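Student: The lines below spell out each chain.
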Amino acid sequence: MELFLEQLPIVLRALNTGFLQTLKLFFVTLIGAIPLGLIIAFGSMSRFKPLSYLVKMIVTIIRGTPLMIQLLIVYFFPGLVLDNPIWGSGESGRFLAASVAFIINYACYFSEIYRGGIQSVPIGQQEAGLVLGMTKNQIFFRVTLLQMIKRIIPPMSNEIITLVKDTSLSRIISLQEIIWAGQSFMRGSQGISGAIWPLFFTAIYYLIFNGILTVLLGRLEKKLNYFR
Amino acid sequence: MPILEVEHISKAFGRTEVLTDISFSLEQGQVLSLIGSSGSGKTTLLRCLNFLEQPDNGVIRVNGETLFDAQDPATQKVAEIRKKRLHFGLVFQSFNLFPQYTARENVMLAKKLLVQEQPDFKARKKEIFREIEAEADELLRQMGLSDRRDNYPHQLSGGQCQRVAIARALALKPDILCFDEPTSALDPELTGEVLKVIKGLAVQNTTMIIVTHEMAFARDVSSQVIFMDEGQILEQGRPDQVFNHPREERTKQFLSRFTEG
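The listed protein sequences derive, respectively, from chains Y and B.
Using this note's numbering, the first residue of the first sequence is number 1, and each one after it goes up by one.
Using this note's numbering, the first residue of the second sequence is number 1001, and each one after it goes up by one.
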């Protein structure tokens, strides 16, 4: 027990540092994937068939393969196959590669949610806008968008909470996020080795952060309850 | 000169012909009722007038200006269709109010977007918006909805929603206001309040085209009635003529269903 109390501050400091990287990857993914998903959604709904087929194929491939493999491909492919290691070897290079893989992966999932959201807004809304002389853009931004957002908040909340936990997959390319930080005490770090409990501790971080997110997303959902 | 001239409009969806050689004209201040059984093409005709469908053939003229000519691609440019639509207003069967806006915002939205295209918009923005707000309040008052203006559509009854939708269409001051079965989605109890509003508009000489199954109302309010069957105009004339002295057997058969019981 005494030993545990002695080691706890060291472990927590390391986990905090790791979790900061986890959070960074989480937010960067959201900021990139939310708009990219919209572009993909419009691509897959395009009336220009070649574009819509191409986009749908990409979405199928991304959704049909493990994110872990995608991480490995994005990180190693340029260096090993193209002989052009664009990511560099440091932590910042790993972070960049992880961000790219996560943004593409999550944008594909988001795009399907958006598509469902857009298509669930009755066509009459668009027609009402048209006969009132509104442009397509005005109809999307002033009429459809908010109704779509209201409908997609529950499925998006699900994906966002999954994303928090999925960031741990970036451990596979040695991104120094919280799982990596916890594991370092198994190998041995700062005088502590063979300790598995720091890894168990990481779960608390995920749980607390997801708890906060759940509350915030619930509030947003409530805020849009003013209309039906 | 008639305010609206429709000549030889035809429209097919795939191989199904929905409208066949439709021609009629309408004078300023007149009310035209379109009657006929479901699937006879009444709604498609209204949608053609509002550019929600494109006719395969024919010409549509408003105040002598050719808005649409199937033979002339120059009349079919997407950018201009948006402006041409404004000659017509359309009130839908299912209202199609924007749920995230209050009654008043529903009435003002399109107009507020439209005035942004005026050259003097930036300089007079506040003044222009105040005018639009005053107009919206006046329209809602006419519809008997002054105390409901800050309610959202889901807080209103069907009849109130439809009256907001009418105010929303009127806000753009269309030359011709079209109604697509405006009371078909309403309880019988709520039908009356909407019909009363439309009658009020007729008294003020609003030019209107009304697709309806309310025969008593059509007889009352119209200056002209068209009976459609299988995409064609089978009979047209003054209400007294069509309702009391129909020439066609099919018209008699259709009307008998409404007079029985």
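Any given hint could be a false lead.
Heads up, incomplete: computed chain Y residues facing chain B, CB under 10 angstroms, no partners named [claimed, not checked]:
no., residue
1, G133
2, T135
3, K150
4, I212
Bear in mind the hints are in silico, worked out from the structure with no lab data behind them.
Computed from a predicted structure; not experimentally measured.
By construction, the Cβ of each residue, glycine as well, lies at the ideal position given by its N, Cα and C atoms.
Student: Work down the list of hints and note, for each, if the structure agrees.
Tutor: Hint check results:
Given hint, G133(Y) at the interface with chain B, holds; its Cβ is 5 angstroms from that chain's nearest Cβ, closer than 10 angstroms. At a threshold of 10 angstroms, the smallest CB-CB gap from T135(Y) to chain B is about 7 angstroms, leaving the interface hint in force. Against a cut-off of 10 angstroms between C-beta atoms, the interface hint on K150(Y) holds, since the closest Cβ of chain B lies about 8 angstroms away. Taking 10 angstroms as the C-beta contact cut-off toward chain B, the hint placing I212(Y) at the interface is violated, the least distance being around 27 angstroms.
Hint 4 alone, counting from the list given before, is not met by this structure.
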